[in-house]
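Residue numbers (our numbering), protein chains in the order written: chain A, 1 to 841; chain Z, 1 to 448.
The reader is advised that the hints may include incorrect statements.
Below, a sample of chain A positions facing chain Z; criterion: calculated Cβ distance under 8 Å [as the list claims (entries may be wrong)]: (1) Glu241; (2) Gly254; (3) Glu280; (4) Phe286; (5) Ile305; (6) Ala310; (7) Gly589; (8) Arg600; (9) Tyr601; (10) Val604; (11) Glu606; (12) Gln610; (13) Lys643; (14) Arg768.
The list that follows gives simulated cross-link-like pairs (lysine-lysine, DSS-like), each with its CA atoms no further than 30 Å apart [claimed, not checked]: (15) Lys360(A) <-> Lys358(Z); (16) Lys360(A) <-> Lys432(Z); (17) Lys269(A) <-> Lys370(Z); (18) Lys16(Z) <-> Lys780(A); (19) Lys358(Z) <-> Lys438(A); (20) Lys17(Z) <-> Lys116(Z); (21) Lys432(Z) <-> Lys269(A); (22) Lys360(A) <-> Lys370(Z); (23) Lys116(Z) <-> Lys338(A); (24) Lys360(A) <-> Lys168(A); (25) Lys196(A) <-> Lys168(A).
Simulated from the structure, these hints should not be mistaken for laboratory data. All of these numbers come straight from a predicted model, not from anything done at the bench. No residue lacks a Cβ here, since even glycine has one placed at the ideal position from N, Cα and C.
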Amino acid sequence: MSLSLRLKARFRRFLERPGTTVDLAPLSAQLPAVEARGEELTSLDDDELTEAATEAAGPIEISAIGREAAHRALGERAYDEQVLGVMSLLAGHVSEMATGEGKTLVACIAGYGHVRRGNGPVHVLTINDYLARRDAEWMAPVYRLLGMSVGWVTENSTREERREAYAKDVTYVSVSEAGFDYLRDQLVTDVADRVKPQLVTAIVDEADSILIDEARVPLVLAGSVTTELDPLHAATALVRELRPDVDYEVADDGRSVALTPQGTVTVEKAQGDIDLYADEYATQLFAVNVALHAHALVQRDVDYIVRNGAVELVDEFRGRVAQRRRWPDGLQAAVEAKEGLDATAEGEVLGTITIQSYLKLYPHVCGMTATAVLVGDQLREFFDLEVAVIPRHKPVIRTDEPDRLYASREERDEALVAEISACHAEGRPVLVGTQDVKESEALAVALRAVDVSCVVLNAKNDAEEAAIIAEAGTHEAVTVSTQMAGRGVDIRLGGSDQADWDRVADLDGLYVIGSGRHDSRRVDDQLRGRAGRQGDPGGSVFFVSLEDDLVVRHAADMIPSSPRIHADGLIDDSDVDYAVEHAQRVAEGVNFEIHRNTWRYHVVVEQQRQDLATWREELLTTDAALTLVDERLPAHLAEVEAKAAAEADAEAEAEAEAETETEADAEAEADAKAEAETEAEEAEPDPETDTDPEAEADELEEPEEPEESDESDESDEERELRARIARSIALFHLDRGWAEHLATLAEVREGVHLRALGRLDPLDEFHRAAVPAFTQLRDKIERRIVETYAEADISEDWQPADVNLLRPSATWTYLVHDNPFGSELERLVSSVSRRLGSRRR
Amino acid sequence: MLSAFVNAFRTPDLRKKILFTIFIVGIYRLGANLPSPGVSYDRVQTCVRAFEDQDSSGIGVFTLLNLFSGGALLQLSVFALGIMPYITASIIMQLLRVVIPRLELLQKEGQSGQAKITQYTRYLTLGLAVLQSSAFVALARSGQLFGGVQCENVIPERIDTGISDWIVVSTLVVTMTAGTGVIMWLGELITDRGIGNGMSTLIFCSIAAQLPSEGWRIQQTEGPAAFIALLGVAVLIITAVIFMELGQRRIPVQYAKRMIGRRMYGNTSTYIPLKINQAGVIPVIFASSLLYLPQLGLQFADDGTGDYGPFWTWVADNIARPSAPLYIVTYFLLIIFFTYFYVSITFNPNDVADNMKKYGGFVPGIRPGKPTAEYLDFVLSRITLAGSLYLAVVAVLPNFFFIYLDDQQFNNFPFGGTAVLIMVGVGLESVKQIESQLMQRNYEGFLR
């Protein structure tokens with residue numbers, strides 16, 4: 001980079017303009033050294049190379065050896081650009097590398113480098129299982145030559161296989177599997193069950209997707225809890241009869257729905273004239289709200305698909321089925337009720353960690369993706385990562401056409417079909433990126449109606465993905481896809497064997513058509529990036545209609561009433577162009593806002609989780625639980641005894657009183673007895689101890705006995721047994737306590753934005769609630785442990801009440817602005833302008 | 001609270017933040033006392049003293065500005081303009097959003113759009129700073145800055161110095177404008193890396209910085225007894241203000257969106273806090289600004305002879321004199337009016353009810369939507385009565401000192417109430433922030 005460019009970059013950086021990137025000049029300067037060292041290496045035989053590999057230290061040596069090993073094992077010699085990618089990964093940056101530039105090999109050499117520099121083991125985190133396994137197997141020969149061991153983990157891996165894979169130098173695993181393995185390890189009740197992923201270095205594939213889009217998605221381990229389904233089924237039937245806009249209203253942003261007063265009346269009548277907002281009908285209200293949400297906001301074949309009698313969620317960013325993801329808080333059950341399916345068990349959150357927090361556990365994180373610059377600021381803010389833009393090996397010659405805008409969806413679809421069939425007639429391969437499953441299917445029907453044969457790729461047939469993508473670049477191919485084809489797939493011109501390359505290239509290569517802009521420019525860019533790999537010819541264009549969700553949600557009021565329209569329905573108006581771009585920026589802003597808020601509120605919870613994990617570790621691996629119980633049991637028993645005595649006294653007193661009063665008034669007796677009973681219940685809620693005090697004392701001595709003998713001659717076996725029981729009781733209560741704590745926090749979080757109305761900072765207020773709640777948590781847990789232990793029968797093999805662990809699910813995030821009402825000044829201005837009548841509403 | 005501070009200093013991270021804030025405040029105070037080039041330090045001091053000793057009838061319009069700049073304005077120091085240009089610019093930008101739709105659109109675009117608006121606000125601040133500094137320099141040169149006080153020209157003429165006037169003037173304008181830019185930066189630094197909101201912290205410091213000299217003046221002129229009595233009263237007032245500022249009515253809210261088994265968690269955690277003083281200090285500033293108008297009129301009516309005519313004499317005796325009963329009563333009523341006005345503008349029960357409805361929230365026993373809005377309005381208008389009376393009393397109290405301490409001495413006291421309210425408000429905010437950060441960082445021995 002020339003001096004002036006460098007100065008310019010510095011200056012931009014100084015002004016904190018977005019898009020500032022790492023200066024590659026120092027790295028480029030090392031390329032000749034890598035080259036020179038590489039030539040020396042060619043003379044070594046394989047064994048010598050492996051030996052050299054185990055001694056490599058500096059980035060130059062690592063790059064040179066990695067390059068040579070790849071050349072021998074795969075026949076692919078890494079380009080200079082790839083070497084730059086490796087070096088920037090080793091420096092801990094996010095490398096922006098376009099599709100087809102060989103990111104897999106870069107990750108491989110960088111993984112080797114990180115291990116060599118003592119930052120092993122390395123996890124290469126992919127977006128799905130398929131890629132984890134494919135990349136690991138593909139790169140295995142290179143690793144072998146480098147003297148490294150490599151493993152992979154997929155959803156179907158057994159515990160043994162996982163443990164083995166994590167013991168390797170480099171492990172390929174999807175980010176959600178890695179996260180779940182970590183969470184599961186946190187919740188084991190036996191040390192031997194751990195798979196122990198060691199979190200040292202993470203190389204994140206598709207970094208923007210994982211680090212930004214998915215970062216806020218919590219990985220959740222949930223135990224099953226049964227939901228009351230009756231009110232839900234009733235509500236589902238009821239909600240189906242409601243009329244939109246009359247009985248309920250969907251908010252402008254399409255993220256929330258509420259009953260209108262009229263709808264409330266309808267619902268109340270149908271449920272038998274109840275007051276829905278009275279305390280006793282809380283269940284009905286919950287059910288109606290959640291059923292309404294499922295009915296009005298969650299769409300089949302957009303947000304989820306139904307397959308094999310089950311509801312499967314579709315990931316909004318990738319268009320794929322989100323593995324093992326569930327909606328929380330009864331929404332899943334409501335959707336299942338809506339589809340008339342059997343309800344699966346409802347989850348109660350046992351442990352949760354966001355992908356962002358999980359990645360923060362790695363001391364070293366680096367990554368690569370084709371679209372990083374646009375999220376450079378966010379990467380810096382959330383992960384302290386810088387973006388290094390790696391130049392392409394061959395310049396891109398794809399032509400990106402300006403958007404084609406149409407007023408209505410029908411016109412757009414018509415034009416879209418016409419364009420596709422025109423290309424098809426020429427023989428040019430076309431990849432159409434649609435917004436959702438439903439649209440992809442509708443388009444396929446429309447295409448077949450005009451005799452264009454096409455292949456559909458969406459969440460429903462994801463099994464055939466690899467085969468479909470392999471042939472998407474062949475002559476005359478038309479592939480209709482969702483965002484699924486937008487990322488991580490490599491479409492070669494002329495089919496999988498590239499036989500027809502010349503013919504297809506003559507037709508200007510692959511033509512990518514997007515039906516509507518996505519919520520983020522990065523998704524659009526990724527889709528465009530399917531064409532023009534490695535200097536291939538290609539083209540891309542987006543067909544946008546003003547009825548698209550994106551435009552309607554975020555820029556509805558900006559569309560001029562009569563834009564300039566060509567005869568064929570194409571809109572040619574710069575105001576409309578601006579509106580569409582604006583809508584996209586708003587959507588990006590909204591997602592950023594959600595991300596940042598989720599994160600800000602998650603920080604403390606994550607700290608608490610780590611604190612508790614430390615304690616859990618102690619309970620799990622030592623006899624801390626037994627020590628605790630031994631310490632606290634006598635005091636607890638004394639307390640129980642005192643309570644029982646007081647209760648017995650009260651009872652006797654009440655009886656005596658009652659007896660004297662029998663003669664006076666028969667009715668008073670009944671009162672007194674009832675009173676005495678309630679008193680007794682209040683004093684000691686536990687029915688077991690509600691016996692005569694003498695017998696109780698006998699009973700209570702049992703657990704005390706082994707404790708006394710503890711000092712003298714308790715056998716090791718006995719002690720072991722008691723320790724085991726204490727431990728499992730302790731772990732049980734700790735996990736339960738944590739689950740309850742999480743539920744409480746979720747509750748606080750939901751309404752905390754209202755505090756802004758009292759000029760309080762919602763985040764501070766959240767901490768004000770979360771921190772004391774956590775400080776009390778340990779006490780509460782310890783008390784429960786002692787209580788349960790006191791009641792436990794030591795001789796038997798004690799088991800905590802059966803809680804099914806390990807049912808992963810995910811949370812449904814919806815936007816709660818930190819301060820939806822705006823600052824005081826903003827409220828002032830908007831209120832004044834409203835009064836002046838200059839604006840709507 | 002003391003223990004909170006001790007703890008704060010034990011937490012390295014927090015200690016760094018507090019020390020950083022103090023450091024920035026130090027720089028700010030330094031700049032506020034640093035004379036601008038071309039200004040005669042001796043003459044400025046003489047003028048300021050003369051100004052402070054004069055009759056209250058001659059109170060300048062700049063007193064409020066001077067208060068907010070920590071006395072820097074009259075000193076014509078490098079930070080003479082204080083952060084007022086920035087505040088003005090923010091308000092203007094807000095208003096412009098109504099007029100210019102593009103700005104409104106930018107605002108909606110989230111982070112990146114708002115960053116752009118912030119950038120525009122900064123440019124506007126500098127523009128305003130150029131205007132204001134030119135105006136003040138012009139006023140200072142013509143001698144009007146110090147009202148009717150007779151003193152030597154604070155910016156020496158060419159005859160004295162041999163430097164041409166336009167160089168002096170432009171240097172002054174550039175210096176003060178640059179000073180404003182630096183203050184803006186300092187404020188943002190505090191917000192980013194220090195404790196509390198930078199702008200409020202700087203205002204707090206400006207006001208607090210004047211307390212010692214004011215106190216000392218009272219001690220000098222009225223003797224130690226009055227001084228101690230004043231201290232006692234001040235402590236009482238501050239205590240009362242803190243008590244009232246923290247007072248709130250909590251309206252419980254329930255969210256019926258999540259269904260967690262059969263369990264319902266504590267409802268007490270979710271509520272709308274309606275503060276007794278929901279309006280803050282703004283009504284007082286509005287009211288006192290309005291009461292400046294008669295004084296301004298007096299200055300225009302003053303033809304130098306001291307004889308205004310019957311109307312203006314009446315005004316001078318009754319409306320422009322802070323110790324006059326009519327002045328006090330008007331002030332009191334104005335504050336009550338502005339409190340209601342401001343609360344009705346900034347707290348819109350309909351918006352709040354809509355927001356709650358949107359996310360499935362409701363006040364137990366009350367239907368969402370209109371009934372909820374009406375309920376909020378009902379509670380709010382009652383609680384505001386107490387709030388407005390409290391504000392009015394606090395604001396009017398200092399005026400009684402005027403009666404007690406034979407008038408004329410205390411120019412800055414019309415803002416006694418304002419100053420206390422601002423300082424307590426900002427102080428509470430900062431302490432809360434320290435507390436919450438402390439909470440985040442140590443769990444009071446959770447793991448020993």
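Numbers of unmet hints, in rising order: Structure breaks hints 1, 2, 3, 5, 6, 8, 9, 11, 12, 13, 15, 18, 21, 22 and 23.
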